[in-house]
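As you go down the protein sequences, you meet chains A and B in turn.
To convert, note that position 508 of the first sequence is 585 in the numbering used here; the numbers rise steadily by one, no gaps.
To convert, note that position 394 of the second sequence is 471 in the numbering used here; the numbers rise steadily by one, no gaps.
It should be emphasised that the hints constitute simulated quantities derived from the structure, not laboratory data.
Remember, predicted model here, so these are calculated numbers, not experimental data.
Some hints could be false.
Since the list gives no way to pick out one identical chain from another, each pair is judged satisfied if it fits inside one copy or across any two copies.
Simulated pairs of lysine-lysine, DSSO-like, Cα-Cα distance not exceeding 27 Å [stated by the list, open to error]:
| id | residue 1 | residue 2 |
| --- | --- | --- |
| 1 | K579 | K565 |
| 2 | K302 | K421 |
| 3 | K538 | K579 |
| 4 | K362 | K410 |
| 5 | K538 | K459 |
| 6 | K222 | K579 |
| 7 | K552 | K421 |
| 8 | K462 | K269 |
| 9 | K565 | K459 |
| 10 | K410 | K302 |
| 11 | K302 | K149 |
| 12 | K552 | K462 |
| 13 | K565 | K538 |
| 14 | K421 | K462 |
| 15 | K149 | K462 |
| 16 | K362 | K459 |
Number of protein chains: 2
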Amino acid sequence: MSFTCDMRDVRFNLFDFLDLGRLCEHAPYQDFDVSLLNDMLEAARDTAANVLYPLHEQGDRLGVRFEDGRVKLPPGWREAYETYVEMGWNGLVIPEEQGGQGLPMALYAAAQDMFISANGSFMFTPGLTTGAANLIVSFGTDAQKEVYLEKMLEGQWAGTMCLTEADAGTAVPDLRSSATPIEGQDGKYHIKGQKIFISAGDHDLTDNIIHMVLARIDGDPSGSKGVSLFIVPRMRPDAEGNLSFNDVTTVGCEEKMGIHACPTCTLSFGEADDCEGWLIGGRSKGLRCMFQMMNEARIAVGAQGMGTASAAWLKTLNYARERVQGTRLRDMKNPDAERVQIIKHPDVARMLMHMKAIAEGSRALVYYAAYCHDREMAAEDKAAKHRWNHQLEILTPIVKAWCSDEAFRATEIGIQVHGGYGYIREYGLEQLARDVKIASLYEGTNGVQALDLLGRKVSRKGGMMLMTLLGELGKFLNGPALQGPLAKEVAALCEAQDLLTKTAFSFAQSNMSGDVDYPALHACSFLQMMGDTLVAWLLLRQATRAQEMLTAYLAKTGLAGKDHATQCEDPEARFLHGKIATARFFTHQILPRTQARFQSILSEDRSVLEVVF
Amino acid sequence: MSFTCDMRDVRFNLFDFLDLGRLCEHAPYQDFDVSLLNDMLEAARDTAANVLYPLHEQGDRLGVRFEDGRVKLPPGWREAYETYVEMGWNGLVIPEEQGGQGLPMALYAAAQDMFISANGSFMFTPGLTTGAANLIVSFGTDAQKEVYLEKMLEGQWAGTMCLTEADAGTAVPDLRSSATPIEGQDGKYHIKGQKIFISAGDHDLTDNIIHMVLARIDGDPSGSKGVSLFIVPRMRPDAEGNLSFNDVTTVGCEEKMGIHACPTCTLSFGEADDCEGWLIGGRSKGLRCMFQMMNEARIAVGAQGMGTASAAWLKTLNYARERVQGTRLRDMKNPDAERVQIIKHPDVARMLMHMKAIAEGSRALVYYAAYCHDREMAAEDKAAKHRWNHQLEILTPIVKAWCSDEAFRATEIGIQVHGGYGYIREYGLEQLARDVKIASLYEGTNGVQALDLLGRKVSRKGGMMLMTLLGELGKFLNGPALQGPLAKEVAALCEAQDLLTKTAFSFAQSNMSGDVDYPALHACSFLQMMGDTLVAWLLLRQATRAQEMLTAYLAKTGLAGKDHATQCEDPEARFLHGKIATARFFTHQILPRTQARFQSILSEDRSVLEVVF
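I would like the entire structure built from these sequences, with the hints used as guidance.
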C-alpha cells in the first residue's frame, strides 16, 4: 500500500480555518504567502511518501542493532536522513537570522503530520535535533551558536535531551548526575552520571550527537533549584573543528513494544572521568531552560498521536472500502444476496467515523496550538501576546495527553475494523498501535500532564489561562452558530463547557480547604473533559466554516438542488459534508462522556483514597 | 518476579459467593465437595506457577518456528504439555462416563483463570483439544468416541477448530472448502480447501492433531444450510491404530502482534487429493454443531481476558508498591521530603483501583456464566433449566466482548502505571497487552458479539432471555440491599438497569418499523452498557456478601472497634474491605458511562449512516 495523507483536510485547517494567508500579512511571517506555504506542503508530502514511508515497516522489522558499543540503524536510514536534512526540514521553524527558515509553527505541524504518519520512528532524530538547536538559539552564547547551530540544522550533527535517570523519572529533580567545574575554564564542567531512556541517544545517522544534559553542579542545592543544563557533545570539537571522543558511552539499547527503529539508549557520561560539558542558560536554570524543549516536545508528542491516528484512519478506510464480507443486514437471511464491502456495515461505519473524528480532532487541536504560538509571535500588543501565550500554555498538556491517548484508541479501533487481519504484522495496524503507545508515557506520563494542567495552568494566576481559553469558546458559543443548522450540537457544547467550569470550581474549593488529593484523583478525568470540549469546539467551528463553504460551493457548481448522494460524487462537496458529519458525530457520540466524568467527579466517592490494597 | 494469583478472591467467588458447596449437593456434582474443589484449586495453582509461568516470557521472545513444513514450539513446551495433561486438566469438565472428571464449569473457570494469567499462549492447545473432544462427546458416534476421546483427553492427540477461510471470516457460511463422498464408505469424504487463522493448527506438542473442519458437501446449498462438520485428523488411524499422513499440509504461520508461542496456521486440506474426513453431527448440521464449540470458546476468550487482566493487575500492584518516585503531593515544594512508593499518589491509586475493578469484575462475570451452566445441569425441573440456560446464552457474547475489551484496557492502564518501564519488554506489561489484543478479534469480533446479543439473544423469544436476566437483577434490586450501607450504589445500579431497558425497548421499536441499521449502529454500545450493568450487579452482590462477612469477622476477631487502617492490617479484613471498595469504585467511576452511551443512542444522530466517506 502506498502512502496516503488527507491533504484536503490539512489545507482546510491551515487556509480555510486558521487562515494562514492572513497571518502572513504580519511580521515575522511577511516573507511568506499561501502559494509558498502550499509549495512547502507539497514538498513535505513528497518527502513523507518517497523518503520516509518506504522505511516504515522495515524499521519495525529490523529495528536498531547495538554492536561494539554503538547503535546502528537499518539499511537506508542514513541516506534518508541526509535527504531529509537537505530539504531543510530541520530548520523549518528556526528563525532566519539563526540559519533557519522561520516558517509558522502551524506549517511545521502540518509537515510533522505527514512525516509522522509516514514513519513515526524516523522523526526522533530530526525532532530532537530541532528541539536541541532551539534550546541553543534561546539560551546559548554566541560562541555556542557558532559551534553548534549550523551543523545541527544542516544535519551533520544530531541532538538529544537527557533528563531521565533510573531513580529519577517523573521526579526529574531527584537526578544524581553531577557537574564539576574545570579549573580555569569558565562554563566548562566535568560531567558524570548515567541517563536512561534517551531517544535517539546513539545512532549512525550523523557524525556527532549533541546531548542536552541535566546535572547538578557540585554543592548546589538538592531538588529543582540545583539543576543546571549542559551541552555535552558525544565528540568534542576543538578550535579547529576537529572532533575527539568526549567520554559519552552507549551502555545499551532497550527492547521495546514498538518504535523499534528509534534507539532508546542508556548513556554513561564520564566513565573515564573525561566527559566535558558546557553550561547553557545559567547556573541552576536547567529546568527552566529544559521546559522550553519539553513544551515543544509535548506538542510534538501530540503531533505523534495526530500523525499516527491519521495513518491508522486512512489505512483502515482503505481496507474497509476493499474488503468484502457478508451481506447487508436486511439481506442476512438470503444466502444469495450480494456480498458487500464492510464499509457498508453500520458497526464498521461507526468505527470508521470514530477514527475520522479522532484523526481530524487531533489535527484541529495540534494545528491550533501551533497557531497560538504563531499568533503570539505576530501579535503587536502585549495583551494579545499574553492571550495567545496563555492559550498555548494551557493547551500544551492537553495536546500531549489527549492526542496520545486518543491515537492509541484510534489504532485499537483500526485493528478491530481489520478483524483477525488487524493482529497480523503485514497489515500494519498493530505496528501503529505498538509505535504510538509510547506517546502516553514519555515527556511526562499523561498523569503528569493532568497534574500540570491542574497545578501549573488552571490554578495559576487566579485561573487566568482557563478564563482566556473559555473566553475564546464563549465567542463561538455566543455567536450566530447557536441559531444555525448545528444549533443542537452547539447547545451540547455549551453544556459540556458548563460542566467543565463547575468541575474547575469544585477543584478550587477542594484546594482551598486543603484537600489536594481529591482534585489529583480526578486530574486525568478533568484533562479528558477539557480535551473533548476543546476538540468539539474546534470541530464545530470547522463545521460551521465548512457549512458556509458548502453552501457557496453547491450554488456555484449547480449541485444545490441535487440529493446528498449525488452531491457527494463531487470530491469537494463530499469533503465538506464529511467535515460537518465529523462534528456531529463527535458531539453526539463522544462528547457525552463529559457528563459521565462529571458525575464520577461529583459523586464524592473516595474509595480510592481510603482503600488499603 | 514469581507467579501470583488472587486465591482469596478465587475462593470468595466460588465458595462465599456462588456457594459451590451447595451446588455439590445436587447431581451431577454429588461426588465433589468444597474440600476436594479446594484441593483442585491448589493443584491448578501449582501447575500455573511451576509448569506454565516459567515459559511465559520465553514463549513471547522465541515464538514458534516454521521449518520444513512443520511448526515447532520453543524448548520445554512439549514437556510442559505432558505434565499438564498428566494432571488431568484436559478432561476436567468432560463427563465421567466419557473418560473425564465431570467437575463443575465454575471450577474449570477458576483453573483457567490461573492458567491463563500464568501463560495465555500455552492455553490454546489444551483449550481447543477440550473443545474438540467435547464436540465428539456431544455429536460423535460411538465409533468416533472410541477412536478419538481417550487419546485427546490423555494428551497424545490435540484438537483444533477450522472455520475461517481467506474470504470467509465473519461470514463463515461463505466458505469454499468441499467434501466429496467416498464411494462405498458411509460418512467418509474427501476434504479439499484451505483454512486460515487456525490456532494451534500445527505444533510438536502431540503426535497427532484432530481438526474439526467446516466444509460443504458437493451439491449442498450455498449459505449456512449447506455447511457440514468433519473430523479430519492430521494423521489418520487405521483399524489397528497405526497412523498414516492424511494430506493436511501446514502452509505457513502468521507473524502476529502477540501470542507468539501460539501457532496461528494456514492449513491446506487435500492438496494431493488424499485428505479424508468423517462427517460428524449429521449432514448440513455443521454450524449448529460448531456453535457448541464456539460458545464454549467465547466463554474461554472471556476467561482469557479475565486471566490477563488479573495478571496485569497483580504485576502492576507489585510494581507500584515497590517503585519509589517523588513526594506526596502536599510535600511537593519541600525538596527534602520523604520519597514515597507511587502507590501513594492518588492518580496511581485510581489506576490501580480501575485495574482491580476490571480484574475482579471479569472474574465475577466469567465464573457466574460458568455457574449458570452448572445450575442448568443440576436443575431438576425444566423451567429452572431454561432459566439458567437463558442466562448463559445471553451472557455468552457479553462475557466474550466485555472481558476482552476491558482486559486490553487493564493492560493499557498497567503500562501507564509503569511509566516508561511499561513500554520495555522485560517488565512484561506490554506483552500482556499484545497477547490479549487478539481476544477482541477471534471467535467472532466484538462487533459480531454485539450483533449476536441483539439479533439472536435480546430479540429472540420475545425478549425472554433479557427478561430472565433482568429478573435476576430485580431480585437484588428489590431486596434489602437498597436500604443497606450500599444504598447509594444500588440506586445507581437501578438507574443503569432502567436505561438498559429503555434502550432495548427503543431498539425493538426501530426493528418493528423496519429500521435495522439504527440498532446495529449502537449494538456495541448496548453490549457495553449491559456488561457494565451486569458487572456492577455482581460486584454489588459480592460487596453485600463481603459486608455481612466483614461484620461477623470483625466481631469475632475483636477488630470491630478499631480504625480502618488497623483493621486492614488483618489480611481477611483487608480483603473484605477491598471487595466493598471495588464495588463502590465501579459503581461511581465506571458505571456512569452507561448514561453517556444512553444519551448517544437516544440522540438520534444518524451522521454515520448518512456520511459518504
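Provide an ascending list of the numbers of those earlier hints which the structure does not satisfy. 6, 7, 8, 9, 11, 13, 14, 15
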